[in-house]
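Novice: So the sequences go chain by chain: A and B.
Going by this note's numbering, the letters in the first sequence line up with residues 1 to 364, in that order.
Going by this note's numbering, the letters in the second sequence line up with residues 365 to 728, in that order.
Because the hints were derived from the structure by calculation, they are not lab data.
Just so you know, these numbers come straight off a predicted model, no measurement behind them.
Fair warning: there could be bad hints in the mix.
[Unchecked claim] Distance windows between CB atoms, simulated:
| id | chain 1 | residue 1 | chain 2 | residue 2 | range |
| --- | --- | --- | --- | --- | --- |
| 1 | A | 331 | B | 434 | 19 to 29 Å |
| 2 | A | 236 | B | 655 | 57 to 67 Å |
| 3 | B | 712 | A | 320 | 23 to 33 Å |
| 4 | B | 663 | A | 100 | 52 to 62 Å |
| 5 | B | 447 | A | 241 | 49 to 59 Å |
| 6 | B | 684 | A | 16 | 32 to 42 Å |
| 7 | A | 68 | B | 679 | 48 to 58 Å |
| 8 | A | 314 | B | 425 | 36 to 46 Å |
| 9 | B | 655 | A | 100 | 56 to 66 Å |
[Stated by the list, open to error] Some residues of chain B that are not near chain A, with every Cβ distance over 12 Å (derived):
| id | residue |
| --- | --- |
| 10 | 485 |
| 11 | 487 |
| 12 | 589 |
| 13 | 654 |
| 14 | 658 |
| 15 | 698 |
[As the list claims (entries may be wrong)] Chain A regions said to be covered by chain B (calculated; three or more residues, Cβ under 8 Å):
| id | stretch |
| --- | --- |
| 16 | 83-93 |
| 17 | 96-104 |
| 18 | 219-233 |
| 19 | 266-272 |
| 20 | 276-283 |
Note that CB positions come from ideal geometry on N, CA and C, so glycine has one too.
There are 2 protein chains.
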Amino acid sequence: MRVLAHVYTYRVELGRRSYPILIGAGLIARPDLFDQHLFGRDVLLVSNTTVAPLYAAAVVGALGSRRVVEAILPDGEHHKTLANVSRLIDVLVANRFGRDCTVLALGGGVVGDMAGFAAATYQRGIAYVQIPTTLLAQVDSAVGGKTGVNHPGGKNLIGAFHQPNAVLADVRTLATLPQRELRAGIAEVLKYGLICDAPFFDWLEAHIDGLLARDLEALTHVIRRSCEIKAQIVGRDEYEHGERAVLNLGHTFAHAIEAATGYDRWLHGEAVAAGLFMAATLSYECGLMPATDVERIKRLLVQAGLPIDAHQVSVAAALEHMKMDKKVQGGRIRLVVPRSIGECFISVDYPDAALQRTLAACFG
Amino acid sequence: MRVLAHVYTYRVELGRRSYPILIGAGLIARPDLFDQHLFGRDVLLVSNTTVAPLYAAAVVGALGSRRVVEAILPDGEHHKTLANVSRLIDVLVANRFGRDCTVLALGGGVVGDMAGFAAATYQRGIAYVQIPTTLLAQVDSAVGGKTGVNHPGGKNLIGAFHQPNAVLADVRTLATLPQRELRAGIAEVLKYGLICDAPFFDWLEAHIDGLLARDLEALTHVIRRSCEIKAQIVGRDEYEHGERAVLNLGHTFAHAIEAATGYDRWLHGEAVAAGLFMAATLSYECGLMPATDVERIKRLLVQAGLPIDAHQVSVAAALEHMKMDKKVQGGRIRLVVPRSIGECFISVDYPDAALQRTLAACFG
C-alpha cells in the first residue's frame, strides 16, 4: 500500500465560484483527486511541447476512463495569442465537446492563461482545472481566474475573469523546471512579501539558497504562503475593483519590458523582478521607502539571479508601453507603490519627476 | 423648445451589474441620455455598413465632445466571427483606449453580439452600451448580456456573459428596417407570449396587422412587454443555470437551421419562427399541446409572413447540428417544450419518437 503524501488545501472563497487549491507531492498521478474535482466525461488536456512529454501520460493515466483529447501548443509567451485560443476552440468543436466538458491546463502561465480563456469563452463558459507545472504558475497565475492572451499592442489585453474549478499544484513537477524558470517564479514569491508580509520576506532572505537548490520543503512553504495570500486577496476583490490591484506590484513596468521586447526574450517573472526593483526605486524617489529597504530588495533579487533593470529598453519605449497598460485611469498611469517591505498602496498622484528619475535609472 | 417624448424605463436587476433599458422615440439623438448612461471620454462606435449611414451621425452628434472612433463592420450573420471581434480589439488598441472607454453598439443583434464580446474581453471587460436598431435586437438580443460569435461548427459557440451599462431602444430606428427584418423580430416577440404570457399572445393575434404596418404605438407596446419579461427572467437567472433557458424556446431547432445553411440564407428570427412551430409540434407529438393551440401558433406565424418549416435542410443535417448546440447535456438534447400557449418547461426526457416525427414533418 502506497502512503499518500499530505495535501494542503486552501479555498478561494467566491460564493458559488469558490474552489480549492491543492498543494502537495505527486498530485498529478492521483485519480482520487481528479474524481473529486473534475466532473464530466470529456476532457481537453491543454499542454505545450515541453511539458506534455514529461507529465501528460501521468495525468491521462489518472483520468481513468474519461475521454481525453490532447491539444499541445508551442511553448513560450509569444505564442499566447488569440489565434492559438481559437485553435483550442476548434479542437473542442471538432470533438463535439458539450458544455459539460472540462479543460485541463497542464503547464505554466502561458498554457493556463490560454486554456482558461478558451474555457471562459467556449459556449460562454465551461469548467477548467489548473495543473500548474512552473513555480510562477503555482504561486500566481493559476490562482485567481485571470485568463487571456497578449496583443501586439500590450500584454494580456484580451481576456476574461473565469475561475477554475480547482488548482492542483504538484511540487514534484518543479524537479524538471529549468533553473531560469525557477528564478522567474521566485520573483512573484518575493512580490507577496513586499506587498503584505514582511516576516515572509525575512524568511525568503534566510532561505533563498534552499529555494534555488529546490529544497522541496522550502518550495512547498513558499507555494503555500503565496497561494494563501493570493486566495485571500482574490476572495475579497475578485474583479479587481480595488485591493486586488496590489497584486500588480511591479507589473506595469514588467509588462512594458515584455511588450517592448516582443514577449520572447524576457520571462514574465524576470520582468517582474526588474519591475519590483523599479517600484521600490519609485517609492524611494517619492521619499517613502528608506534606502536600506531598497538595498535589501536589490540584494535578494540579485541573490536569486534575477534582473533589476532593463537598459536594453529605452525610456521612451517603456513609457509608451506603460501608457497602454490596463492600469491607466483617465490618462494617468496607476502604479502600486511599496511604502516599505510588507506594505504597499495604489497611486496615481506620485510626482512625475519621481517616475522620470526611476525610468532614467532603470531603462536605457 | 422641443418636447421630449416619453422614455419608458425597465431595470435589469443584477446587483452591481444592474442597468436600465430605455424605450422611446428619438432616443439616439438625445445628449442627456448619453450623459446619464455613458461614462468616460473615449467611445468606440461599432456599427455596420447598412446602419451607420442612417444613424451614426445622429449618435455622434449626441455624444458631444467625447472622442469617438467608428468601427464599421460588414452586415450579416455570417460576419459574426472571432476574426471580426479581433479587428474591433485591434481598433481599441490602435487608438490606445483604456479600461475606462465605452463600446457603443449601434445596429442589430450581430453588431450587438460582436461589440459586446469585444467589450467583454478587451482588458478583461470594459463598459458597453447597446443601441439596438432592429426589432429583434430591441426585444431580445440587446438585453441580458449574452455576447459572442459563431463558429463554423455552431451558432454562438464562442462568447461570454457581459452585461451592458444601458440599452437604448429607439423605436424610430425601426422606420428604416426592411420588412423581412421586421417580421423576423416579431418571431422573438411571439416567443415571449408562448413562454409565459398567454394574454400577450392574444394581444398579438389581435394586433399583428398593426405591427406589420409599423404602428408606433403597437411596436412600443411589444418592445416594452418583451423587455419586461426578459428583464425579469434574466434578473432571476443571469447565467442560465435554470429558468433562463426557457428563453431558448425554438432556438435549438433555429440554430440547426442557421448552421446547416451557413448563416447566410435565413435570418435568425426566421429560423426562430420555424423553431417555435417545431417546438409546438414536438409538444403535440408528446401528447401535451392541443391541436388547436398548434393551429393558432401556425396561423399567427403565417400571418406574420414567417416560415414554419425548413424542408431544404435534411433531417440528418438538422440532428447533427442540434447535437452540437450548447444545450446538450450528457449527450441528450435539452429542449424547451411549450405545454400550452403561455407555459413551457425544459425537458431531456421527451420520447425520441416524438422528436423524430417532428423532425420528419418539418425538415427535408
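Novice: Hints first: check each against the structure and report whether it holds.
Specialist: Hints, verified against the model:
1. A:331 / B:434: 19 to 29 Å: Given a distance of about 22 Å, which is inside 19 to 29 Å, the answer is holds.
2. A:236 / B:655: 57 to 67 Å: holds, 58 Å
3. B:712 / A:320: 23 to 33 Å: violated, 55 Å
4. B:663 / A:100: 52 to 62 Å: violated, 39 Å
5. B:447 / A:241: 49 to 59 Å: With Cβ atoms ~32 Å apart, the hint is violated.
6. B:684 / A:16: 32 to 42 Å: Roughly 34 Å apart at Cβ, these two residues keep to the hinted range, so it holds.
7. A:68 / B:679: 48 to 58 Å: Violated, at about 32 Å.
8. A:314 / B:425: 36 to 46 Å: Since the Cβ atoms of residue 314 (chain A) and residue 425 (chain B) sit about 42 Å apart, the hinted range of 36 to 46 Å holds.
9. B:655 / A:100: 56 to 66 Å: Between residue 655 (chain B) and residue 100 (chain A), where Cβ atoms are some 36 Å apart, the hint is violated.
10. 485: violated, 5 Å
11. 487: At about 5 Å from chain A, residue 487 (chain B) fails to clear the 12 Å cut-off, so the statement is violated.
12. 589: holds, 26 Å
13. 654: holds, 33 Å
14. 658: holds, 30 Å
15. 698: The claim breaks: residue 698 (chain B) does not keep its Cβ more than 12 Å from every Cβ of chain A (closest is about 10 Å).
16. 83-93: holds (count 4)
17. 96-104: Check passed, 4 qualifying residues.
18. 219-233: violated (count 0)
19. 266-272: violated (count 0)
20. 276-283: Result for this restraint: violated, n = 0.
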